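K.L.:
Work the whole structure out from these sequences, hints included.
Going by full-length UniProt numbering, 143 is the number at position 143 of the sequence shown; the sequence numbering is gapless.
Simulated from the structure, these hints should not be mistaken for laboratory data.
Keep in mind the model is a prediction, meaning the values are calculated, not measured.
Just so you know, not all the hints are guaranteed correct.
As the list claims (entries may be wrong) - Below, a list of computed lysine to aspartate or glutamate pairs in the EDC-like style, where the Cα atoms sit at most 20 Å apart:
(1) Lys91 / Asp207
(2) Lys433 / Asp459
(3) Lys443 / Asp459
(4) Lys426 / Glu462
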Amino acid sequence: MPDPLMTAMAQVDHTNTRPLPVLPAEIIARILDFVSNDKPTLVSVACANRVMFEQAIRYLWSDVGPDNKQVGRMLRARDGRLQVYAAQITKLSFEISSVSLLPPLNNIPLPLPQYLDITYDGVQDPRRPPTSLVGCHVLLNHLIVPTLKGLYLHRPMPSVGNFSTGNFLPRLADECVGLEELRIASAVTGATPSELVKLLDSCQRLDQLWLATADTDNLIDESSFKHVASHPCLTTATIHSDTSACFGMKIEAESLIMILPHVPGIQWLLTVLGPTSIFNALRYHDQLSHLIIEYPQEHHLSANDFAALAHLTSLRRLDIRGQDTEDLTDVHADIYCNSALINTVAALFNLEILNPNIKFASWDMELLVSMGISCRSLSTLIVCGAFDVLVLDGITAMVLFSELLSLELSCLYDFAGSPRVNDRVKKLVSIIKYHAPKLETFKSAGNEFSKLVQTTWGDLKEN
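P.N.:
This is how it looks when you write it as structure tokens:
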């Protein structure tokens, strides 16, 4: 079957010699960028406009996949045209399964690909019984070139069958010293921990590493784990202790405490923890900017936990919450934690997002004022538990939350004042508007009074 792009080009009338108006290069680039995700339009532009041809081809072939149709077109093209296509490719994406494998690219020179993304869709073959697990094995060495910056092997869950690859780690270590991201959710046949160590030593720019638990157990031993933990450029860690894992190892709080001293430059930390406290282990990680902690089981925080957070002066986002399941896990803090949290908030002056989804005994005036005075960049505040806005009524010397854009309160106190509910609601709305003048989103639906305040605030904002 002939290449449709070549056929269309052959049908273009080249006898018309009238000079076409030449658009500035900036305008051409903007036009093509606007339609860059519309492959048929790019084909039409390439066929109809000589001036835009080269740039249109570049946009058309820079990102190939994941449905493999473009690769099929490339495989049917003649040698000269195939080389033109292949030279533009910077990202290759494929979706594979037990009945849809990688196209035969072994003999195609790909000089410049930077990202290789393969997703295994383990759908059940209807011709086979449900207990028959059909998988997929792929070979990647011919796709690994020195320009590669990111390699992603995905396996969405749930999926059936085995997803495996040949051992590409030695070639990756030798060829791709500029590798920045590596995600492996497949079994790497024949790979050893020493090969992972060699890869980590070679790829000093590696910024993100993700290894699935069950699929990559053969890559982890004490030596390779230490190399992962002490890698100089890893700045993002996603650590789970329930079903997922970090670097192929089951991580409990005790293990996390062991890891943290080896990664002083870590900036992002998402962790799901059990009952053991990790806060003291975080004390010296002053570069940490994002800390998200989920508790899969009901947990009580102590004053010492909050006191340890005061050392994280670079923190811009702090989330402490129960896991978001059907039965939301509760995280509690008693009244003795208020003073510790006041000191902590006073030290975290860079905070922009604060979500202490913790059931406090109360949010008192001292805590709120401390938060408003110290966290002047706070843009998002999510509060769990009873919240008494009325305590801010007498504070008129300053606007406490001048940059706040989003406020979510689980429950608002009603108060003894005017016998008319609408008057009491308007009173709270006026306090909120005064202390958060830039507020764009306000949610509170814990009780009927809270819903009335939310509705009234929304009506006033629209008007």
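K.L.:
Is Lys426 within 20 Å of Glu462, Cα to Cα?
P.N.:
OK: Lys426 and Glu462 at ~15 Å, within 20 Å.
K.L.:
Decide if the proposed pair is consistent with the structure: Lys443 and Asp459, CA atoms, cutoff 20 Å inclusive.
P.N.:
Since the Cα atoms of Lys443 and Asp459 sit roughly 13 Å apart, the hinted pair holds (cutoff 20 Å).
K.L.:
Quick one, are Lys433 and Asp459 close enough, alpha carbons at most 20 Å?
P.N.:
holds, 12 Å
K.L.:
What's the verdict on Lys91 and Asp207, does the C-alpha distance respect the 20 Å limit or exceed it?
P.N.:
OK: Lys91 and Asp207 at ~19 Å, within 20 Å.
Every hint from the earlier list agrees with this structure, and none is contradicted.
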